[in-house]
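Colleague: Sequence:
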Amino acid sequence: EQSEAFKSWLNHLFHPAAEIDTVSEEQRSAELNAAMKLFNSRRMSAIRFAIEREVTEGRLAITPRAGRNILDEVYFQDQLSTLLLSYTPRWLQMGLDVVLGHQGYHRLQQHQDLSKEELKKIILEQILSKPSAV
Numbered sequence: 604e605q606s607e608a609f610k611s612w613l614n615h616l617f618h619p620a621a622e623i624d625t626v627s628e629e630q631r632s633a634e635l636n637a638a639m640k641l642f643n644s645r646r647m648s649a650i651r652f653a654i655e656r657e658v659t660e661g662r663l664a665i666t667p668r669a670g671r672n673i674l675d676e677v678y679f680q681d682q683l684s685t686l687l688l689s690y691t692p693r694w695l696q697m698g699l700d701v702v703l704g705h706q707g708y709h710r711l712q713q714h715q716d717l718s719k720e721e722l723k724k725i726i727l728e729q730i731l732s733k734p735s736a737v
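If you're matching positions, the sequence shown starts at 604 in my numbering and goes up one per residue.
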């Protein structure tokens with residue numbers, strides 16, 4: 604209950620309901636460009652490189668049950684999808700646009716809001732089924 608209240612408060616803080624219908628195409632484009640600039644910045648690249656190094660060297664890992672691939676576990680997929688879908692759809696879509704667009708995936712960048720069901724499908728197809736894409 605507390606986590607739901609906190610999630611609602613954060614979503615309201617970063618994207619008040621009153622602004623949902625008033626976001627112009629120009630503003631959406633500016634936000635996406637700013638997010639892409641941040642994602643591609645030298646500092647963010649260094650952070651991504653450090654995380655990748657830690658994963659490669661085995662110091663950062665999610666350990667699956669013996670002999671199983673973590674991405675094949677339905678429970679894990681459901682938990683990760685639920686975690687990602689706790690973001691306001693507009694912000695989640697922007698994050699997916701940046702991360703997946705960076706890999707040449709442009710289906711999201713249609714300048715229209717996607718439903719949570721559509722975002723979940725993208726998470727399952729593009730993140731959980733192809734972890735090397737992110």
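Treat the hints as calculated values from the structure; they're not laboratory data.
These figures come from a predicted structure and were not determined experimentally.
The reader is advised that the hints may include incorrect statements.
Unchecked claim - Mimicking BS3-like on lysine-lysine, the simulated pairs with C-alpha atoms at most 25 Å apart in a straight line are: (1) Lys723 x Lys610; (2) Lys610 x Lys719; (3) Lys719 x Lys733; (4) Lys724 x Lys610; (5) Lys733 x Lys723.
Colleague: If a hint holds in the structure, say so; if it doesn't, say that too.
Modeller: Verification of the hints:
1. Lys723 x Lys610: Cα-Cα ~18 Å, so holds.
2. Lys610 x Lys719: Status holds; Cα separation ~15 Å.
3. Lys719 x Lys733: holds, 20 Å
4. Lys724 x Lys610: Holds, at roughly 22 Å.
5. Lys733 x Lys723: holds, 14 Å
Of the numbered hints listed earlier, not one is contradicted by the structure.
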